[in-house]
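There are 2 protein chains.
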Amino acid sequence: MSPPGLYDRPPGTDDAKLIDIFYPGDQQSITYGTKSRVGIGGMEAKVKAALWALQGGTSVVIANGTHPKVTGHVITDIVEGKKVGTFFSEVKPAGPTVEQQTEMARHAGRALASLDPEQRGEIICSLADLLTEKKDEILSANKRDMELATTSGRLSQPLIDRLSLSSAKLNSLAIGLRQLAVSSRDSVGRVVRRTRVANNLELEQITVPIGVLLVIFESRPDCLPQVSALAIASGNALLLKGGKEASNTNRILHQLTQEALSSHGVADAVQLVSTREEVEDLCRLDKLIDLIIPRGSSQLVRDIQRAAKGIPVLGHSEGVCHVYLDNEASIDKALDIVRDSKCDYPAACNAMETLLIHRDLLRTPLFDQIIDMLRTERVKIHAGPRFASYLTFSPSEVKSLRTEYGDLECCIEVVDSMQEAVDHIHKYGSSHTDVIVTESEETAEQFLQQVDSACVFWNSSSRFADGYRFGLGAEVGISTARIHARGPVGLEGLLTTKWVLRGTGQTVADFSEQGSMKYLHENIPVPQKGFS
Amino acid sequence: MSPPGLYDRPPGTDDAKLIDIFYPGDQQSITYGTKSRVGIGGMEAKVKAALWALQGGTSVVIANGTHPKVTGHVITDIVEGKKVGTFFSEVKPAGPTVEQQTEMARHAGRALASLDPEQRGEIICSLADLLTEKKDEILSANKRDMELATTSGRLSQPLIDRLSLSSAKLNSLAIGLRQLAVSSRDSVGRVVRRTRVANNLELEQITVPIGVLLVIFESRPDCLPQVSALAIASGNALLLKGGKEASNTNRILHQLTQEALSSHGVADAVQLVSTREEVEDLCRLDKLIDLIIPRGSSQLVRDIQRAAKGIPVLGHSEGVCHVYLDNEASIDKALDIVRDSKCDYPAACNAMETLLIHRDLLRTPLFDQIIDMLRTERVKIHAGPRFASYLTFSPSEVKSLRTEYGDLECCIEVVDSMQEAVDHIHKYGSSHTDVIVTESEETAEQFLQQVDSACVFWNSSSRFADGYRFGLGAEVGISTARIHARGPVGLEGLLTTKWVLRGTGQTVADFSEQGSMKYLHENIPVPQKGFS
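In order, the protein sequence lines correspond to chains C and E. Heads up: the first sequence runs through residues 1 to 532, numbered per this note's numbering. Heads up: the second sequence runs through residues 1 to 532, numbered per this note's numbering.
A few of these clues could be false.
A pair holds if it fits inside one copy or across any two, identical chains being indistinguishable in the list.
Okay, derived cross-link-like pairs now, DSS-like style, lysine-lysine, Cα gap no bigger than 25 Å in a straight line [unchecked claim]:
| no. | residue 1 | residue 2 |
| --- | --- | --- |
| 1 | 309 | 399 |
| 2 | 333 | 46 |
| 3 | 134 | 46 |
| 4 | 380 | 399 |
| 5 | 333 | 518 |
| 6 | 17 | 427 |
| 7 | 244 | 134 |
| 8 | 380 | 135 |
| 9 | 427 | 134 |
| 10 | 135 | 169 |
| 11 | 135 | 17 |
| 12 | 48 | 17 |
| 13 | 287 | 309 |
| 14 | 287 | 169 |
| 15 | 518 | 169 |
| 16 | 244 | 143 |
| 17 | 287 | 17 |
| 18 | 427 | 309 |
| 19 | 380 | 48 |
| 20 | 399 | 244 |
| 21 | 134 | 518 |
| 22 | 169 | 17 |
No lab work stands behind these hints: they were computed from the structure.
Modelling step: build the complete structure from the supplied sequences, incorporating the hints.
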């Protein structure tokens, strides 16, 4: 198979790397293959021709039109500026490439991971202090972003809400960071399991950082210090890719983060990727990045899940959350919980999208009060097919029961029983957060057991589904994935484990039928997190 | 955008499903769109034409040549028998489709998850009993597979070794299963974290099954009861896809598994997928399958990681394990550990592939004894570039320092120090299992801390990297992924968690600056696993 472009060494050798952009000055760093093999030879001649064309003022790309990674439209891809093959350029861009940033981050990340937990805590506290000290500068950068967003008119109101910072938001950020600095003391290197495998053969499972994280976020710049603090606390290196709309705010928040990191000589552990970098190109760096965390719209998350080849993605693509009002619901609790779940922050993923009402509640005072409350709060109501069939004059019927409105809108649907509510949630929900309001403990416990979502709540607002409110400190995101981390993800989601075995020369042959040793497999107690 | 084939309802509506194979008798189950929209209408006419052609004896596929999911070679894909669009067929195949099997499994899996832990334990013990009781039948089915494999000559010796069952293997399987039945008692529904969020607002994080697992395995039929027992213990539904070469053995092992399951009415929770199903097609069932676990060659795992779109894959694509002999290594330990790591079972992923030797050991008795031992054990030696440069007459030089031989072969390379060994392992290893042999505790602890692999061992054989030897009961695989589960994966890797919040009407507004409530976030101790 022919190679997809120019490599720095003969393709197929241990350390050969595909060169994305080739500058004439780089020629010494390339080793061409000496043996002439079919399909590999001839690259040196191609490079000479390309450089000759470049000197004459012609842009050149060396690419492979039949390589399976290419969609089959090499020429159009090149014209559209996609990273295909090797591009020959006279001009070296300013600043490091994203690959170099990743290497710098991994290197500094290892130094960060080898610091004492107290030192990582100091970095986070110093970042928290900077958020308060430099509040004016942050808010003025944010104001510039807000003005640009408003005048350009390209962002919807919910996105503009997410973009906005305030004194209160910065204060609550700083509180979360300090909480994290304390709770993270026993995160990295913590023993989670200890087993005496045999005499003088002891096994430990300990927590370690995942490696290099890539966090891609839209609009919300408060995400930057939160995620940075989590990466610092967990000893991970971090690449941050923010949206253009928040570039001023992100720039200063990243400067403050590096300022905090530099107090222990690890400023490079957190890198801000240029807004010019395409998300799709970042998602292809599967040898360099260990986990991608998208924070933003469902569309962003879906796009990244599709683009990320071989890199795990932690995130929720949708938050279609339900509140189910049981026939034994308390009026007061129902009103408070529905109002809070829908209206507290409608743009959030943990806001209610569908209200399920037990049939017996129709034409009761509770029902009328709920509808009045939603009208007072200016919530636009869409009717599910069954709800519509009960009404003489119903609101517009929903297009899909799977809609995430993300705004002051919701769907109302009628169900015959708690069981039907569970079935509805399994069929149309996104397994994010679902709530039952009832005074019956028995019904509640059945709902909590049966509903297969990341968060299931009884008599409390869906808006509690959040790392800070759960007491996890800062939050890295909410995951509706079913593996690794589920629901609000704090520090634990950024750690993995490794197994450490200490022996005195044991072999598995010693434990064979003819061998002299026996497995003991005794669990040895370990200190419980939070109670050390 | 035009749809990729025929749907049972108008495409875009909530419950529309793409039909893979259409039989003339199925026509009643389809609802066509009533409104004529551009690009969606006209399907009814196409179906009539297709049925008319089918009656005339012509095979028909309705597909979309411009749909982005299609690689661009629709006609060749159809001719090669790939699942593209909707295929019209006169003949209904015998048995359920894989989609129907998945639904059956999910349904029975929910019943399995709602059993008492003791009942799931009974099923596993009864499977263990059956492995012993029906030993003769199993071994005779396995003999048929072995004979076919040997006469066909298409399997390499390591693969044939993996295919082979024996009395001893079945016994050790049964022991593992009974161990699992006991240790799994407190797996599902276990509280892992409990927090008093505020007065009368309590949060619990509890373990729950992941959902529907797909395990794809080659050759090793002993994998089937192991993985089935793990799925049963963890309350997961399971689809098993075995290799053709083990079909006789797999069939009887699956029958015994269903026999054990049927004692509690959940026989369908474990399904054996027909050998005709293509792995690529199974990897596309992302709405139906929650986790794919490939067990087999590195090539199989890599293929599945590439094919699995949106479904997480748990597995290791390579096991390039190192043993590093430090300059302070004990001769006896070094000999035992190198022999066991390489020769005990060379086809295993935890076997040693590269032996790193400290430079000071060259031309010492230890070095000579190691080489003599490897020769006696008939291990073919390949020389790393540095090792070759030290020798007058060296063995053949390695092509790549990243080779997984999977046979009685290994690479030897020389390093200057423990630090250089760590760097070598990071550069060429697969982060699976790496071992240091040394009498210096200080050097050992540095190696254990720095090497970033799933398993890091001091003075013990790499072959201990195994769920059974770690005391995890049966093993679902070894993961070199960095998230969710790492290293040998037992039951824990098949569980996820959900968050259960029990309140009395609380809203997040109650906790705002104007609100009446305060977060407490008190951790409440929970019973530790294995010490209940």
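Now the hints, each set against the structure:
no.: 1; hint: 309 / 399; verdict: neither (33 Å within a copy, 28 Å between copies)
no.: 2; hint: 333 / 46; verdict: neither (74 Å within a copy, 54 Å between copies)
no.: 3; hint: 134 / 46; verdict: neither (54 Å within a copy, 66 Å between copies)
no.: 4; hint: 380 / 399; verdict: within (14 Å within a copy, 67 Å between copies)
no.: 5; hint: 333 / 518; verdict: between (59 Å within a copy, 19 Å between copies)
no.: 6; hint: 17 / 427; verdict: between (47 Å within a copy, 14 Å between copies)
no.: 7; hint: 244 / 134; verdict: within (22 Å within a copy, 66 Å between copies)
no.: 8; hint: 380 / 135; verdict: neither (37 Å within a copy, 66 Å between copies)
no.: 9; hint: 427 / 134; verdict: neither (48 Å within a copy, 42 Å between copies)
no.: 10; hint: 135 / 169; verdict: within (11 Å within a copy, 67 Å between copies)
no.: 11; hint: 135 / 17; verdict: neither (44 Å within a copy, 53 Å between copies)
no.: 12; hint: 48 / 17; verdict: within (19 Å within a copy, 54 Å between copies)
no.: 13; hint: 287 / 309; verdict: both (11 Å within a copy, 19 Å between copies)
no.: 14; hint: 287 / 169; verdict: neither (36 Å within a copy, 38 Å between copies)
no.: 15; hint: 518 / 169; verdict: between (59 Å within a copy, 18 Å between copies)
no.: 16; hint: 244 / 143; verdict: within (14 Å within a copy, 65 Å between copies)
no.: 17; hint: 287 / 17; verdict: within (11 Å within a copy, 36 Å between copies)
no.: 18; hint: 427 / 309; verdict: between (28 Å within a copy, 22 Å between copies)
no.: 19; hint: 380 / 48; verdict: neither (66 Å within a copy, 43 Å between copies)
no.: 20; hint: 399 / 244; verdict: neither (33 Å within a copy, 46 Å between copies)
no.: 21; hint: 134 / 518; verdict: neither (62 Å within a copy, 28 Å between copies)
no.: 22; hint: 169 / 17; verdict: neither (44 Å within a copy, 44 Å between copies)
The structure fails hints 1, 2, 3, 8, 9, 11, 14, 19, 20, 21 and 22 (numbered hints given earlier, in ascending order).
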